[in-house]
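Engineer: Kindly generate the complete structure, drawing on both the sequences and the hints.
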Amino acid sequence: MTAIAYAGIEAGTELPAVDYPVTRLSLVKYCGASGDFNVIHWNERIAKSLGLPDVIAHGMFTMAEAGRFLTDWAGPGAVVLEFGVRFSSPVVVPDDDAGAMINVSGQVEEKLDGNRVALALTVRSGGTKVLTRARAVVRLP
Amino acid sequence: MAINPDFIGRTFPPSAPYEISRVKLAEFADAIGDPNPLYRDRAAAVEAGFPDVIAPPTFPIVIGMASSGQAMADPGLNLNYAMVVHGEQRFEYQRPLHAGEIVTAEVTIADIRDIGRNSVITTSTKISTLNGEHVCTAHATLVERGGAA
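Chains V and P are the protein sequences, given in the same order. Count along the first sequence starting at 1, add 7, and that's the number in our numbering. Count along the second sequence starting at 1, add 9, and that's the number in our numbering.
These are calculated hints, taken from the structure and not from any lab test. As the structure is a prediction and not an experimental result, all values here were calculated from the model. All residues carry an ideal CB built from backbone N, CA and C; glycine is no exception. Some hints could be false.
[Claimed, not checked] If you anchor each label on the Cβ, the simulated ranges turn out as follows:
#1 V:M108 x P:R19: 37 to 43 Å
#2 V:D103 x P:A35: 26 to 32 Å
#3 V:A14 x P:N87: 50 to 56 Å
#4 P:D120 x V:E17: 35 to 41 Å
#5 V:G39 x P:G109: 20 to 26 Å
#6 V:G133 x P:T20: 36 to 42 Å
#7 P:A11 x V:P148: 44 to 50 Å
#8 V:D104 x P:N140: 45 to 51 Å
#9 V:T20 x P:R19: 39 to 45 Å
#10 V:G133 x P:G155: 24 to 30 Å
[What the hints assert, rightly or not] Capping the alpha-carbon separation at 30 Å, the derived lysine-lysine pairs in DSS-like fashion look like this:
#11 P:K135 x V:K36
#12 V:K55 x V:K36
#13 P:K33 x V:K36
#14 V:K118 x P:K135
Structural biologist: As structure tokens, then:
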């Protein structure tokens, strides 16, 4: 992790894109760790019977990857003050070894007082935006 | 049958106290694939200025699940959980949660409405320590597909 200093950034500063993989195993682990055992996240038969293309990732798993992107960028001395997303499209996770990829990138929207910065994130999977209105406010060291 | 609009404005009693453990934080960090030492190495967390290992930004959802899960399962609410997808999620933090503290979550149903064929329910979950320190609020929008049909 590289610490980002408030003084060293400005509105428009880009946060370099990172890819995060998600497999069926990721979803099983996330079910257990989060307590969210909704069948659409692990049972292909039921997911399809409910009109979904396949098993889909927990929205909160995708948001967690976006959070990981934020905290990795900001570094250990930073604190996340606000973090919000809209789940615009599901991350479909096929039953194979590769799974799906979540691509996260971002930009500094605005420098605020008190060492705070407002960030806008772009989160895609398979070329589709899976999160929209993904925004955060982070206090940098 | 639609979600019961009589639940708009209802605040459920605070959840049973939830003790945030190092083991749970490390398990959650592993599940999201995040190797950040602040979530599993106490020395690293202390060096960064925290009392103990801290929670990843989306971890409050786990505490929320324990309480809002109970609220969402209220038979009177009439929510079909298998048809539920997450619409929006937003967190406001006073500070990161950390291992060793005990918190409770208080869920309020802010709104219930039909949008097209779907029913949409909005909740706010306030997470506070047993001493009454407000640490985080989680705002969620859940969509029951076909709920209004």
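Engineer: 36 to 42 Å was suggested as the range; check whether the CB atoms of V:G133 and P:T20 agree with it.
Structural biologist: Given range 36 to 42 Å: holds, Cβ gap about 40 Å.
Engineer: Are the Cα atoms of V:K118 and P:K135 separated by 30 Å or less?
Structural biologist: holds (28 Å)
Engineer: Starting from the hint 45 to 51 Å, judge whether the C-beta atoms of V:D104 and P:N140 obey it.
Structural biologist: holds (48 Å)
Engineer: A range of 20 to 26 Å was offered for this pair. Does it hold for the Cβ distance of V:G39 and P:G109?
Structural biologist: holds (22 Å)
Engineer: Take a look at whether the Cβ-Cβ distance between V:D103 and P:A35 falls inside 26 to 32 Å.
Structural biologist: holds (28 Å)
Engineer: Quick one: are V:A14 and P:N87 within 50 to 56 Å, going by C-beta?
Structural biologist: holds (54 Å)
Engineer: I want to verify a distance hint. Is the separation of the beta carbons of V:T20 and P:R19 within 39 to 45 Å?
Structural biologist: holds (44 Å)
Engineer: Against the range 44 to 50 Å, how does the distance between the Cβ atoms of P:A11 and V:P148 compare: consistent or not?
Structural biologist: holds (49 Å)
Engineer: Just to be sure I understand the hint, the distance between the Cβ atoms of V:G133 and P:G155 should be within 24 to 30 Å; is that true here?
Structural biologist: With a Cβ separation near 25 Å, V:G133 and P:G155 satisfy 24 to 30 Å, so the hint holds.
Engineer: Holds or violated: V:K55 with V:K36, Cα cutoff 30 Å?
Structural biologist: This hinted pair holds, its Cα atoms lying about 21 Å apart.
Engineer: With the threshold set at 30 Å, check whether the alpha-carbon distance from P:K135 to V:K36 stays at or below it.
Structural biologist: Satisfied, since the Cα-Cα distance of roughly 26 Å is no more than 30 Å.
Engineer: Would you check the hint for P:K33 and V:K36, treating anything up to 30 Å between C-alpha atoms as holding?
Structural biologist: Cα-Cα ~12 Å, so holds.
In the structure shown, no violation is registered for any of the earlier numbered hints.
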